[in-house]
Amino acid sequence: MLKRIPISFLAFLGVVVLIAMIAAVTLFASAIIGRTVLDQFQSQQLQVSTALAQQTEAYFSQLGIETLRLTQLDEIKAVASSRFDLAKTAIQNDINANDRNSIVISVTRFSFRGEPRYAWPTRVDNQINEGVFPYSLPEELVSQTQEGGIVEVETGLYQVDSRYLLIVPFAATTGNIEFLAYELDIEAIFNEVLASAINDLSGSGQLWVFDYQGELVFQARAEPQVDVDNSLFNPITLAGLTETVSERYATGDDSERIAAFAPTELFNRQFAMVLSRSTDDSQEVVADDLQIIFGIAVAAVALIAVLALIALRRIVSETSRRRSEASMRRATRSLLEVSRALNSSLELQTVLNRILVELQKIIPYYSSSILLLNERGELEVASHRGEDTAAHSVGVFKAEEARAAREVIARSQPVIINDTSKDERWSATSGSEIRSWIGLPLRVFEQSVGVLNINSSLKTGFSPEDIELAEAFSDQASVALQNARLHDQEVTRIEQELTVARGIQTSLLPATPPNIPELRVAFNSLAARQVSGDFFQLIPLTDGQWGVFVGDVSGKGMPAALIMAVMTTALRDEVIRQRDPGKLLSRLNERLLDRFLQVQMNSALLAAVFDPATYQLSIANAGMVQPYWRTDTDDEWDFVDIGGYPLGASQNVNYTSKVLKLRAGSLMVLFSDGIIEAENWRGEFFGFERLEYLLNEMPANTSAEEALNRILNAVQQHIGERDPADDMTVMVLQTVGVERPTEPEIEDLPSIVDMVRSRRTERPVSVKTTEEFLMPRENVELFLPSILGFEKVARSAAEAIARKMGFSDDRIDDLKTAVAEACMNAIEHGNLEDKATSVTVLLSSSSDHLEVRVVDRGRQQIPDPLPPPGNSDSARGWGLFFIQSLMDEVEIVRSPEGNVVRMTIFLGKDQDDLGEPSSDEAEWVDKVD
Amino acid sequence: MASKEVSYRLENSLGFLDFPRDVIAQTRESAYAAYNQLAVNKVETIAMNFEGSDYLNSAGIGLVISLVEDATRAGRKVFAYGLSSHYRKLFSMVGLTERLSLVRNEEAMREQMGTSSSSTDSDSSGGGGSTSSGGSNPSSGGNS
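These protein sequence lines map, in sequence, to chains A and B. According to the numbering used here, the first sequence is numbered sequentially starting from 1. According to the numbering used here, the second sequence is numbered sequentially starting from 1001.
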């Protein structure tokens, strides 16, 4: 709630309270200060009134001096009437000289009897002459002077009637005390004396002068506010007043006043200077001061408040900015951590799961999920995390479902639903707690491939900062997803390549040992990677002999597999022509040297030829580990001392053969260096010593298979859980004493031709003799992975060979179609598209014909009899029909080991009996394929 | 990169099926989709264009057979052009030439359509393609 009140209002409230407090303090201070000020005011009034009294006394003193000085003049002292004019002139001059015209009404010379002699001004002098002089001297003065004229009379101020007379006695030339009387304008005197004080009177100030008779002599204001007549001032009291005092009294208008009384004696007469002011004047002074103080205080407070407000706002702004910056830093740091976390793996599912884990750290959610588009355009839940039931974690949303998520993908922009219950795009599952939702696009190469769902159980559960952060997060997630997908694709591509390579290799290696009565063979090869560099071959030769080969191509993976394929093809080709192992190796080295040098690889190869008729084994070695053997069960194991450089390592190498005479029960172990160099966790090789010990510990009647297993188990035990560092291949040969089987008649071979002929009786075929079939041929052997499309490789190879042999374009087209169809059948049916298998295509050319054999693994046998073509719903089944129709000879051999389709076309033989209108066709110009 | 799918074109009552470079089993789906579009638009004649094709395997030829059979059952006339002599031979071997007219190119087909429509409307099998100018129709008449 407090958060809702603006901080400026709080500041305003604070200022108001502060000012109120200041006002209260000011009032309190005013009461105290007012009291003090009143006392000071009263004291000040007393001082002023005293000063006025003193000032008045000084004035009269000066006036007295002036009058005294005048009386000292001879003209004044003279009593002769002839001197009166001079006296009056002297008076006139003195009045003028002292500037007393305004206060002196008249100056009259009296005789000691009190008779006026003359006067100034003329108006008064005339009154004397006319006998109408207006006043007389006080009786007490005249009586004293008449009795002897020697009484000392002092200058005094007297009131006669309403006149104030300053009477100055002096000794006339006659010796008598006579008088000079100054009639004073008393009001004018006080006006003059108190002029500055009157000017200073302010507000309610009043200044009066009373004489001790209680008569108001002078008032500074025209309308006195004090009713003197009502005895507000007691003349009696005034008469007893001898010192300056003050008195507070109330007036009729409820105000209170202060009167300062200052007694003053003017010559022999008592007066009182009264200065009266309202106490409010003092309060006004205080109030004014306090108002100023209060105003200053308020201004200061206001200024402080404004400054405080500015400072507060700055602090708030700075705090907000720092919070925002801190928040941004946290967000940036979080995103950085998220980026690191997301990119720490490239495995797709791991990345997807991690996205949701990391998301929770920066945007707490009720639940979250990732939907990815599948190939059918459906949105599939790829990962899910949160409080939802398990039902939400799996599922597929069809095109018409998940409208909100669809919108995210269509717009490639985030979509926010703040209240899922009111948004028609949202279709909640029953019991769903989701009240608000953000959908963010996941993009791979600018294409939306999925949606990151962030669910909240609160309405409007996401702040703008959350949304902004979520967008940044989704970008990070998209990058991780993109990397993972690329990685996935790359892995898939590599796996596919390796699968192809493995298919090639598998097709090269014998799957099962051949059935040789005199020789039992057991072998196994463990690849360090998916594709091994080790290889072995068992090749049947004429006269019942068998070629036995174990090799090791330098390197591993796809390059080694390809070299192995080359090696195998060359080996199969050369062994037909050269049966001596030493010469065979020399020939292979000569044939493959350039290629090996080109790819900077080489291959070790141990070649042996076993003659079942004699139990002799001719053996030669090109860089392989020397094999071990024992001639019979009683003999010790020994290595065959034969060696040489690997193939491709050097030019002009002559390998020599060694002939071993085996007996029934002899064992021979051939192996690659991966066996000897197999390391345990301490880095120790399995080594020759362990192998020899193992061999020597074998029982006398150990079979080839058992020997193989013992060796592999021992090596496996040695390396433990470690992956083999190198390929490991072992082959064990064991001679068996059996009766020699009858050698096959060479004349049986053409029966295949006869069989084909019998099936195609409707078309004439040429008959080849056995000799013709045994003519020297050029062989090309292909190994196709069992993937539809690779039949084109065989098709192209057949075309190249046929073209080289001089076949016509039409016949080449026939051949291409037949080869492609045979390969397709082998891939699709014979190998059931098992990528681990391969289809072998052997193209053998001779001077007048080309023979193509397509061999599969026999997963599905070719039906016998062949079904009629085009009989299925999909109009399939034309392949064998084409093969039979287009080729000159076709032989199909079905066996559990595999189907063999053998096709032959002959040079100089045109298929003109197929019903094709060749005459019309000649008129068309065919496009070039 | 060449398309792997069959596309179609409409020209009034004439519909073209443009076959891709490889006519194989995987072509089936797009071929049927294209053919259905032509059927929806009630074309009377279908022209199968193989000018962009250089490999038809048995599955591809089986696909053509299926399309031709459906078209002829619906009373549509079918032409095929752009085939090499080898594939014309294969079409003949499987009996396709009995159901469609093989012509060298589109121009020849249009010529034959004009001749055919003016000569006979009853030859719904499409096999009655008599040679028009220059004897450019090499196949269907002689094989059917």
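Source of the hints: derived by calculation from the structure; they are not laboratory data. Treat the hints with care, since some could be wrong.
Pair ranges (Cβ atoms, derived) [said to hold, decoys possible]:
id: 1; chain 1: A; residue 1: R323; chain 2: B; residue 2: E1005; range: 33 to 41 Å
id: 2; chain 1: B; residue 1: S1003; chain 2: A; residue 2: A326; range: 52 to 60 Å
id: 3; chain 1: B; residue 1: G1075; chain 2: A; residue 2: P510; range: 58 to 66 Å
id: 4; chain 1: A; residue 1: D809; chain 2: B; residue 2: E1106; range: 19 to 27 Å
id: 5; chain 1: B; residue 1: G1114; chain 2: A; residue 2: K835; range: 24 to 32 Å
Predicted model, so just to flag it, every value in this text is computed and none were measured. The beta-carbon is built from N, C-alpha and C at its ideal position, and this holds for glycine as well.
For S1003 of chain B and A326 of chain A, compare the CB-CB distance with the range 52 to 60 Å and indicate the outcome. 57 Å, holds
For D809 of chain A and E1106 of chain B, compare the CB-CB distance with the range 19 to 27 Å and indicate the outcome. Distance hint for D809 of chain A, E1106 of chain B holds at roughly 25 Å.
Honestly, do R323 of chain A and E1005 of chain B meet the 33 to 41 Å range at C-beta? 59 Å, violated
Return holds or violated for the Cβ distance of G1114 of chain B and K835 of chain A against the range 24 to 32 Å. With a Cβ separation near 53 Å, G1114 of chain B and K835 of chain A fall outside 24 to 32 Å, so the hint is violated.
Against the range 58 to 66 Å, how does the distance between the Cβ atoms of G1075 of chain B and P510 of chain A compare: consistent or not? Given range 58 to 66 Å: holds, Cβ gap about 59 Å.
Going through the hint list in order, the structure does not satisfy hints 1 and 5.
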